[in-house]
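Here the protein sequences come in this chain order: A and B.
Residue numbering for the first sequence is 1 to 612, as defined by this note's numbering.
Residue numbering for the second sequence is 613 to 853, as defined by this note's numbering.
There may be inaccurate statements among the hints.
Said to hold, decoys possible - Restraint-style ranges between C-beta atoms, simulated for each label pair:
| # | chain 1 | residue 1 | chain 2 | residue 2 | range |
| --- | --- | --- | --- | --- | --- |
| 1 | A | A447 | B | E704 | 37 to 47 Å |
| 2 | A | C611 | B | V650 | 49 to 59 Å |
| 3 | B | E704 | A | P333 | 34 to 44 Å |
| 4 | A | N347 | B | E653 | 32 to 42 Å |
| 5 | A | Q385 | B | E840 | 49 to 59 Å |
| 6 | A | S509 | B | E653 | 23 to 33 Å |
Said to hold, decoys possible - Counterexamples of contact, computed for chain B against chain A with all Cβ distances above 12 Å:
| # | residue |
| --- | --- |
| 7 | F656 |
| 8 | H676 |
| 9 | V780 |
| 10 | Q791 |
| 11 | G838 |
These aren't lab readings, by the way, just hints derived from the structure by calculation.
Idealized CB from N, CA, C, for every residue including glycine.
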Amino acid sequence: MLYYVLLKAQGEISFSPAPEVDKLWLGSFKYLRPGLPLEALKRYLQPLSLSSCLSEKENDKERKIIRLIQRGLDKDGSVLKEDFEWHAGKQFIWTEGLKHLGSEELLQEFSRMADGRQIAEGEFIFWSQKLKLKESEFLQLLHQEVIRKRGEWIEAVVREKNGWRCRRCGSSQVAEWPSLYGTAATCQGCKSIGSLTSLQVLFRFYTSPASSPRKVYLSGRSELKPQAELKVQAELKKEKESKIQESSDLGETSQWSVDFTPAQKEAAKELISFFTTGSGKEVLVWAACGAGKTEICFPLLQRYLEAGRNVLFAAPRQDVVHDLHPRLQKNFPAYRLRLLSGAAPPNWENSQLTVATTHQVLRFWQAFDLIIFDEMDAYPYRGNQVLAYGLEKALKKDGDLVYLTATPGEEILAKVSSGQAGLIRLPARHHGNPLPVPEVIKIRLPAWDNLKASQILKDKYLPALKDLAGELADKGPLLVFLPTVSLVKEWIKVFQAVFADWPVTGSWSFDPERRKKVSDFLTGQSRIFVSTSILERGITVNGLQVLVLYAQHELYDVRSLVQMAGRVGRTAENPGGRAVFVAPQETKAMATARDWIVEQNTLARKGGFLCV
Amino acid sequence: MFDNLLPRLKQVTAQIWYKDEECCLLCGQKSGKAICRVCKEKYFLPELRRCPTCGKIIGKSKTHCQDCLSGKGPQGLQGVTALGHYEGAWKEFIHRIKFKGQPYLLLALAAELTAWAVKSLPPPDAVIPVPMHPNRLAQRGFNQAEVLASLLSRYLGIPYCNVLDRVVDTVPQSTLGRQARLENLQGAFSLQPGAKVTWQTVWLVDDVTTTGATLAECAAILHRNGVEKVYGFCLGAGKEG
Ligand SMILES: [Zn+2]
Ligand SMILES: [Zn+2]
Ligand SMILES: [Zn+2]
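So here's chain A without its partners, still in its complex pose (with noise of 0.2 Å):
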């Protein structure tokens, strides 16, 4: 999108990419034209912000604009062959009507479905057909709301000195291509969710009180008075919002749509007072698995809502928030739930209550009062400055984050042991059973490289691991992990011809049958399931056991050997079972993954948590 330059009678600037809109609301002015990118015209006219409280004379600033805006496209190799000329606001001719803008209607729509949100330019034809305008009109209704600071333009991606940097997720990840002004850059880092380049922007639109009635004063122009409607909204905003809250007691938990345990009581208590006695701003959850650390929320969920907060329920993947969702809606049902995720069609509407994938939170600019962050640890999280940067941009400056995991990573771990984050343990499953620890059984299996299926029927340890599979499989479902998709492969065909008469099957994240696999084996279909870490998370089957072979590779660190060792003993029915490692030697990351689990044991056990 192009934006003009605009100098206003006492000097000041700004910039517009609709020159007929601020023809309403401001006074006499005047505009440069061609317009240019807004990141462009930033850049270039830094020096002048600088010098602009010297009170220059009109025509020498003028000429000085046009002067740096040429230095900056010569220096950006752009090959724009336009002159630049300022022209009098006063000329200006539109002839289209502008009479949207004081739609009352138009613009409580726009601000109930905008709240919060950041809409990136290539967006603005999504929402302009959703609000039955044309994409000219919608873009003057945006920079209405700039006008009226209730919005910001943004440009997406802005050039620093050592490369690029995109403004909606802080990635430095572009792809640079030439364009008419000269190198042009899009983001990598978060692309997934729609493209954005350095000629576009994004509109920043600030968080209002939700639905609330406004005042609108655009009926005639001397009528306009931004600064009182303003205060309005400020005070409307204290109405809505009441105190959050502070007694920690639960009163009745049968609320729930599940009962809750003891430990579960104590980790919800905990939760609710380390933010009512203002104990901090983070706090992680550190879950056995399987112990459903995602319930214990519900009543600190329960009193944000009800001081009219805005709540944000975040997790990594797809599957968790599509399964999130639905619980969400059993024990919410008083408000309107949002569910934001690549998989789910685009949602409009404005609520209290949003659950959404990590990708989709970098359409919020200081949205949330409260974010709960569920599996943290989980790809595509993991790691990610992206995503993490999304993450602290759609939390309101003074916002409560809960950090929730059964394996935090380094980073956490770090901030609680430092005290910036508070630390919540719940360390018992639901049937009161200890988790089990996993054993380390000292196989050496043939070396992994270029392995085929026919080496491992031949290898002399295969007995030795046919007992111990054949051992675990008759105890219940046995889920043979292995670190690669092509060591999978091979050994799908190696359990397959050891284990003739039993269902044997297996898959990986690229496999095109991988849903229907994997649902027969959770609904009990086959005996032995060979997987890479696709189920290493959020699979709960009766009975299950594992086996993690190649225990020792380096894919497998502390977080996903407890993870898999978690599928184990899920279920009140079978609280029991084997998690196997199979190694030539125990790793630290073997002995650590052990420590985790048998601390949460004796955590569990001192809490008193425990009925075994």
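Dock chain B with the ligands against chain A, hints included.
Showing chain B with the ligands alone in chain A's frame:
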């Protein structure tokens, strides 16, 4: 304008594609190539013919499309070809290039594009892009036809000559019917003032062709200025039947 920047771009893009190179650009499946075999068969339809008058994809046994046989096709082009069927994932890919700020994606297809062009059209003396009106160029910041033409030029070592102007900011062709399309374009193009036309054979390059009207309009100007043979090359075209 894209000519001098291409060598640098190639480097940058090589770095970016490093990560994704194993996945097909159209379907995202692992393939080890820019476009997987399945998508190639689905969208590029290499075994089918192209209507030499308008570029439409036609059956193996046909020589021209129905429209061109009945005389409704564009006049004046010596041949037209399109790499793929403007549908589904291929259409989406072209939209990513045009509307979603990803013109660099074309670089990943350079080999595919040049191979198809060389196979389908006789060698030219110059590659000429269909121009974009300055207003639209200013908004978008680039002309995808220029990117495509300069890419062919560089890979094949044929001079790139941007000699046409779009003087009327026409309504997008895609919003109009056949007859309106032809009228819409009348007088929309001209030769750039001072441009020297010295070639016998040229390739005229655009992103998409539906009726061939845009290509024909540009070809008429080139013919008038002494070019003998004008061949059209596009990324996408319609398909008959
Ligand atoms: Zn980004
Ligand atoms: Zn494909
Ligand atoms: Zn034809």
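Now for the hints, and whether the structure bears them out:
1. A:A447 to B:E704: 37 to 47 Å: holds, 43 Å
2. A:C611 to B:V650: 49 to 59 Å: With a Cβ separation near 55 Å, C611 of chain A and V650 of chain B satisfy 49 to 59 Å, so the hint holds.
3. B:E704 to A:P333: 34 to 44 Å: holds, 39 Å
4. A:N347 to B:E653: 32 to 42 Å: holds, 37 Å
5. A:Q385 to B:E840: 49 to 59 Å: About 57 Å separates the Cβ atoms of Q385 of chain A and E840 of chain B, which means 49 to 59 Å holds.
6. A:S509 to B:E653: 23 to 33 Å: Holds - the Cβ-Cβ distance for S509 of chain A and E653 of chain B, about 25 Å, lies within 23 to 33 Å.
7. F656: F656 of chain B is indeed farther than 12 Å from all Cβ atoms of chain A, at 22 Å.
8. H676: holds, 37 Å
9. V780: About 18 Å separates V780 of chain B from the closest Cβ of chain A, which puts it past 12 Å; holds.
10. Q791: Non-interface label stands for Q791 of chain B: nearest chain A Cβ at 26 Å, farther than 12 Å.
11. G838: holds, 26 Å
Checked against the numbered hints given earlier, the structure satisfies every one of them.
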